[in-house]
Each structure stands twice: as structure tokens, then as C-alpha cells.
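**Q** One-letter residues, chain by chain:
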Amino acid sequence: MKDNILQSLNLEKIAKFRELGLLGFIILLAIIIQLLNPAFLTFGNLRDLLTNTAILSILALGMMLVLITRGIDLSIGATLALSGMITALTVSAYGNLHPLLAILLGIMVGIICGVILGLLVSKIGILPIIASLGLMNVFRGLTFWVGGGEWVSAYQMPPSFKSIATSSFLGINTLVLIAVVIFLLFYYFVNNTITGRQIYAVGSNPDSARVSGINQTKILILVYTIMGGLSGLAGVLWVSKFASAQGDTATGYELTVIAACILGGVSIAGGVGKVTGVLLGAILLGVLSNGLPLINVSPFWQMGIEGMIILIAVLFNTNVKMLVEKNNLLRREI
Amino acid sequence: MSTRTINHIQDFSWKRFFLQWEWMLILLIIAIFTMNSSLSPYFLNYISITDATMTFLDKAFIVFPMVMIMIMREIDISVGSTVALSSVVMAVAYNAGVPMVLAIMICLLVGALCGLFNGFLLVKYKELSAVIVTLSTMILYRGIAYMILENQSSGGFPMWFSFFGWGYVGTIPFILILFLLLAVIFVLVLQKTIFGRHIYAIGSNPIASRFSGVKVDRVKLIVFTLAGLMAAITAVFLTSRMGSTRPNVANMYELDVIAMVALGGISTAGGKGKMLGAILAVFVIGYLQYGLGLINVPAQSLLVIIGLLLIISVTVTNLRMKGKLKKKTSN
Amino acid sequence: MLRRWVLYVLLLFVFGILVACGDDSETSGDAAGEGTTEEGQEETDGEQNRYAIVFKNTGNPYGEKEMEGFENAINELGAEAILRAPDQPTVEGQIQIIEELIAQQVDAIAIVGNDYDGLQPVLTKAMNQDIKVLSLDSAVNGDSRMVHINQADPEAIGRTQIQAVAEIIDNEGQFAVLSATSQASNQNLWIEWMQTELEEGDYGDMELVEVAYGDDLRDKSVSETEALLQSYPDLKAIVSPTTVGIAAASKVITDKGLQGEVVVTGLGLPSEMAEYINNGVSPWMYLWNPLDVGYLAGYAADALVEGEISGEVGDTFEAGDLGSYEVTESEDGTEVLLGEPFRFDEDNIDEWKEIY
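Residue numbers (full-length UniProt numbering), protein chains in the order written: chain C, 1 to 334; chain R, 1 to 331; chain G, 1 to 356.
The shape of chain C in the complex, shown without the other chains (with noise of 0.2 Å):
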């Protein structure tokens, strides 16, 4: 048990460690940018970022509890669209829809899709990459289905549902604050809860969880259905932010998502993973595609700018979190 605990005290302390290194480097790749374009690093431009990086934020904090459980869902970017699609083919119809009542709609669809998965992952046992997969298709296709092959277009929208996203409370836009308010609920959620421990006890080691009498399928179906929730969320604030809803919305999303949580430090083996580092994760990529812009490059060069910078910051982490294990290694053998 002591032994347990000195672990995990280690882990943590890794943990923490890796996110400095990956605070560094967003600081690094920030000053930068700065240096190469002046108008990064202005208050509009900023807010611009964490308008665009909202999104990603909410849907990575989901993915990252689904990697902790050693699960992956490919599934979200056409849940996002599915329920992006609803929502607006909803308040076109019903203009008077109070803007809450169609991001609880939006919610509800997402969780739907991710009660199905999380059924078919904890129930029947479908791996988590196969089950995602077909449904990505499955969604995908329906979206198409459900929208007809049209768009819902901004003169389609009410003005309450644009608002969504465009509203902004004590100065702060409305999506950066909905993303604020679920990194709070998410970090009291895995860190004070026990339903959230026990995420990680499923992750980390599936069989001892269950002998310790951890309720694995409830586990699992729950953090399907939170991934599901949340991609239903951001399809509502996705399609209220650009003010249209397309078939194929968010193609491939899901890979963005799933690097912000990897460059946030979430393994894909299960158990590790920190909701701020996720958080960091997401910003990265958000200074990325918002920076790259900025700086004078061939468009062409960005996607291999880009690819080189995960890249770097992958290794980095690596070997960062390398070098901090070997000390520890050394300090307990002194």
C-alpha cells in the first residue's frame, strides 16, 4: 500500500513535470511566432485562439477519459456532425427554440451515440477502434441522410441560436466559458470523485479493478456516454459559431482530438493522463493553427511544419519524462 502510494507520488510528480515542459515549449513556439509577426500576441488575437481552441478543448477532455480507459472513439467528428445537423434542422423549423433547450438537444444526441458505442465496448466487447469506426460511418452516413444533402445556412438560424456562440459573459465569449466551466467539472470530476478514480483504476489495470469490485461496463458506458455528451455539446456550439451545418462537418476531427490529448500527455496504453495537461495539449494545437497563419510561410509548408512541431513535442515530452524517471531512479537508489 505505502509502495502504492510513493508510485503514484513519483507519477505525479512525472506528470507534473511533463506539463511544464509542454507549458515550455507553447511558451517557446509563442515567443516565436511573436518574433516572426507582432500581432500574435494581442488581445484580439488571443481571444481569437481561445474562441477557435474551445471546442477542441471540450472535446478533448472527453477523449482523454476515454483514453485513460485504454478506449479510443473515432466516432466523434460525425457524432458532432449528427447532432450539429439536428440541432439546426430543429431551430429552423422552431425559431423560437430557447438557444438552451437546442444545446440540450444537442447533448441528447451525442449521448445517444455514445450510449450505442459504450454498449457495444463494454457489453459486448467490441474493441473500442473497430466500434468507433463503424459507427463513424454509420453517423457519418446518417448526417448526409438526415440533412437530405443540404446545408442549414445562416438565414436559416435564429439570431438567439447564433448568440450561442457570438454572446460573451463579463467579456469572456460564451464558448471560452463553457469550456472553462467543463475543465472545472472535469477536474473536480477525475480528481475528487470516486467514480472518477475509478476511471483510472480501469485504465491503468483492468483486472485488478475488477477483482477490487470496480463495476467495469458501468465504467466504461460511462465514459462513452461523456465523450457522446460532449460531442453533442460541440456540435451545437460548432454549428452555432459558424453559423452553418454541413453534412461534413468536422471530417476527421477526431485525429486533431486525439493528438491534443497525446501531446497532453494521455497514454493510449490506459491509466495516465491530466485534464490540464489535455488542456495544454489543446492550446498547442490551437497556437498552431492559429499562428502558422500569421507567419510568413508558404501555405503549402504549414502541414509539414506542422507535422514536425507533434512531432518534436512528442519526443520532447518523451524525453523529458526519461530523464525525470532516471533521476528518480538514482535518488532512490542513493
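Derived from the structure by calculation, the hints contain no laboratory data. These numbers were taken from a predicted model, which means no experiment stands behind them. Just so you know, even glycine gets a beta-carbon here, dropped at the ideal spot from N, CA and C. There may be inaccurate statements among the hints.
Stated by the list, open to error - Calculated lysine-lysine pairs in the DSSO-like style (CA-CA distance at most 30 Å, straight line):
1) K321/C with K192/R
2) K123/C with K124/R
3) K192/R with K272/R
To be verified - Label pairs and their calculated CB-CB ranges:
4) Q34/C with F163/R: 52 to 58 Å
5) D345/G with N319/C: 57 to 63 Å
6) A208/R with Q216/C: 23 to 29 Å
Let chain C serve as the given structure and place chains R and G on it in line with the hints.
**A** Structure of chains R and G alone, referenced to chain C:
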């Protein structure tokens, strides 16, 4: 092929033999053939059935190494980008005056190097999972392809190059012959050699296999390099079919390939599944798509059908496996 | 025991779905066929002609309208229309669809190309089997088609947009172009003509500062627009010759309250742009009627199959409600030109936004 399977099983029983996943896939193929030929008058003839293979076999070459990778509990999602990069390099090399044969060699080399780089990173940084590594290189490789060709397309290949994607040997498409040839080789390698057994060993227990003398790192390096090489072969066929290439080709191929492997009964939980299953799955998905295309099913329905097929068939395998497990424990 | 039953039930379910899906599409295909045979049978006793159109990708309202126009024309002609599109805008997907159409021995294929050169082998194969091939909207190269239906002259499209910007910003100031993907050949051609017009015309005080690529993705187009606004504080206008781009740019300008300071123009769907034309962010923009493009392509396909035209310069044919058209020389092969791009502004946007 069936006799080989029989030899594999120690105490032979007909029931177990017919309960294999591969039979299910063969049944599926029969069902799809029946459905296709009853729905479309254009399906059931020699030309249609052989020509169909040209439409879906190009990406199927990546299925071989992907089976090995997934049996080892790894994954490679950079293969689509590898296809794009090696294809672009081949086209640029040819247009820079390199003879076509050499350009194809360069293409294969680039693909193999991409795969080797993935393998190297995985072996060097043990705690990095394959998803992380190949997700990064997925962006990187395609990014390099964009750097090289920018917004241009590149082509103008010699006439004979179109043979790869469009040519026949006798009346059989060349791509089908090469695919079947490689299929036999890969089945033998995975199912009959020590190398193949090592792959299964790594998948079922990586740590134990390391202690029992399996050179895990070397096996991983070889398999990932193979994935790159096969991606390059896909690139050759794909480029030949298009007659020119761009940095945005082969987008999301990795997911198509993973779907085929999954349908083939290979589980990413490691150590299980046969190469033959994945090869059959290629034809299941390919002919299903082709047949539905012949009756002009819209793309969105096609997505739903393929998605459901994947989920339902994997559900069936899983229930079956659970059933077996139960029997074992009750015994 | 129970497990095995579940297994069998699921197996049945798989086949059930397969057959059901097949049946579904068969009946829907039949329904489409029946609707047209009634009119068609008297003229062409025996085998009914089948014309296929292949769009870039599914779920695109512009494409749906183009296919609808094509279908309208084919129905008027009493033949059967086949509408196809891959789920992603890729060459690979289109090659596969064209192979399936060749196997069905359709009479003509009208293609909206995802790539200029990449479809040449498969379209050549189609033409070798005596299938008439024409492209519309987004062209394929001259060797892989018999004729191209051009919605509007690329030169006119490019030049008009520069003239529009010049008029809106009074010949003075910086402007930027927000394109789709860097791989879109028609976009690149229009941008080239924009640059030509800029050099040749009298636009002394106007400066094209950057061509950015939003990849036809909402999020990327928004980031690119924001970056343009940050990098060029004096930016006066954004020209975006693509629907997603122009709508995303307009949305950013609207949200930032920059109406009147930065204007947006270019090419876009009226439905997507109605909001921003009415709120003044985009005084006007252009597009052609995709229904007409598809409709003209339908009649051209029939003219090719019936042997009225062979795609040579000087051929003429009747295109239903649209009147008579002539095949003309284009840069690469021959084409039929639909007309000038149509201007959408405050006065007419509300009647068009419902249509496409």
C-alpha cells in the same frame, strides 16, 4: 488452402473447423455474390468480376503488414500519408529525368524509409505508443508531400506505367495476380515461419516474448518497414490508375485498411487472427461496395451499410469468443 | 447454447440487412426508372438510354442542385438519369464510381472532376467502350473528355471579381484572396486570371497581399480569415471564390463588427450568403445557376449520344428551355459556355436563397 488449415489444428473436429471466422467470411462473400447478381444484371460475368478487383485492390496491399502490426497490438495510421509521399516523390523524380524503373525503385525506397522511421521511433522510445508516433508522422509525411509538389499535380508517365493499374496478364488483371501472389507469401510467412510465430508471441505477451528470446525490436522494425513498403506498392498502383498524382491522394486510406483488417477477425487486443481472414475481408468489402455501386446506391447509404457490417460481424465474433471462453471455464 | 442462438440470429440479421439494403435501392432505382419510362417508351422503343452524372462529393447543396438540373433535363428527354457522388471529394472515389458505371454500360457520363488529370485513364477506358464522356463545372483535361460544359468563362470569373472589388473599395487599398484547397484546379485558374486583371487593368492603388487557403473547412477558413485581419490591419477586402470560404470570412467580419471596414465578395451559394448580403458585409457576390449547369450538361450528353454533336468546334444543339448552344474552342479541348456569372445583391438575394 483448406488442408493447411486442417494441419494447423491438433485435434481436428468438423464443428470447430466450420466455426472458424474465415468460413463466416466465405459465407458473406457467397451472400454478396448472390445479392449482387440478383440485383444487377451487370455483375455476374467474368469481366465485371475480375475488373472489380482493380477498383478495390490497390489499398489492399497495406492490409498484409497491417495484420501483422495489429496482431502485435500496434497500429499504423500513417500509411495513407506514406502512399501520398512516395507517389509524389516518384512523380517528381520521373519528371526530373530519372528513368521510370528507377523512379519506381525510389518510390519503394521512400515508402520503406517512412515505415522504417516509424519503427525506429517506436523502438527507440519504448513508452511511445504506435498511435502517437504514426499520428505525428501521418501529418509530417503528407506535409512533406505538400512541400514538394505544392499545388501542382505531376504525371506524364510513360505508356507502359499504366500497365500496373490497368493491365491484364491474359484476361486476369495484373493487380489481382500480384495481390494473390503476395497473399500466399504473407499467409506462409505469418502462419508457417518462426518470424510469424514471433509476431503472435509479441502480440499475446510482449514482455514474456522478450524474455523467451524473441527479438522484439527487430521484428517491429521489419514489420513497420514492410508497412511502408506495401504503402509504396499501393502508391505505384494508385498513381498508375490516376496517371498523375497530387499531395492529397490516398486520404484516410488508413481507416479503410483498418476496417478490412478488423473485419478479417484480427483483434487489436493482440495475438489473434489469421492473415487469410483479412484477405477474405478485402474481397467482402470490395465486392459489397462494387455491387452496391452497380445498383447506384448513394454514398451515404454505402457508409451506413459498411459501418453496420463491420459492427455486426465483429459482434458475432465477440459473442462466439465469449461463448468459447465460457465453455472452457465451465470445463 | 444461448450464445449460439444469438450468433445465428445476428448472422441472419447481417444477411437481412444486406438483402434489405439491396431491395431498398432496387425499388428506389425502379421507381426512378418507372417515372421516366412512361414518357420515354414511345420515342425510343426498346432499350432506354441511361445518362450518369458524377459529382465531387455527396451532401453538397451546390452539387445536389447540379445533379437535379441534370436529372430534369434527362427526364424531359425521357431517359434514365443516374446520380452518383463519392462520400469524400477524392479522385479515387470517382474512379471507382466510373468503373461501376462502365460495367453498367451507361450511354454517357458527365463528370464534375475532383482532379484535372487524375481521371484520364478511367475516362479514356469509358470512351473506348463507346460511352460519351463530358465534364461540367470543374473540368477534366482535354484528352479525357469530348466536351466541357463551362458554367462561366474562367477569365470572366477572375476578371469580374477584381472589377467588383475595385468598385467596392474604390480602387484603393489592400485585399486578400481566401481560396479552397491549394489543389483545386478551377480555383487556381480563377486566381491566375485575377492576377492578370490586376496587372493589366488600371488598379494602381490596389494590392493583393496574400492568397490564403481555407481548404473548404469552416474552422480553417475562419482561422485564415482571422490571421489575414491580424496581419494586415489595413485590409479593405477579402475575395473568396468558394462557398465555405466566403461564408466563413463573412461570418468572421460580422462577429467582429467590421461591417463597412472590410468587405467580402467572391463566389458563393445564395443560401449561405443571404445573411451576409442582407447585413451589408458582402455588398454583392457572384455565382451561376447550378441547376442550369446540370441541365445544359444533360442536354449536351444526349446530343453526344444521339450523334447530334461530336464535341467538335462549331457543333450546335438545342438545350430545352435554355435555347441553342454552340461548341467553342477552349484552352484545352472544346467547351460549351453557359453564360456570364450572375450577380447576387440585396435586391435579388431573397428570392434566390430559397432555391439554392
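**Q** Would you mind marking each hint as holding or not holding in the structure?
**A** Taking the hints in turn, this is what the structure says about them:
Restraint check for K321/C and K192/R: not satisfied, since their Cα atoms lie roughly 40 Å apart, outside the 30 Å limit. Restraint check for K123/C and K124/R: not satisfied, since their Cα atoms lie roughly 37 Å apart, outside the 30 Å limit. Between K192/R and K272/R the alpha-carbon distance is near 15 Å, which keeps this suggested pair within the 30 Å criterion. The given range of 52 to 58 Å is respected by Q34/C and F163/R, whose C-beta atoms sit roughly 54 Å from each other.
Taken as a hint, the range 57 to 63 Å holds for the pair D345/G and N319/C, whose Cβ atoms sit roughly 59 Å apart. As the Cβ distance of A208/R to Q216/C is approximately 25 Å, the hint placing it in 23 to 29 Å holds.
The earlier numbered hints that this structure contradicts are 1, 2.
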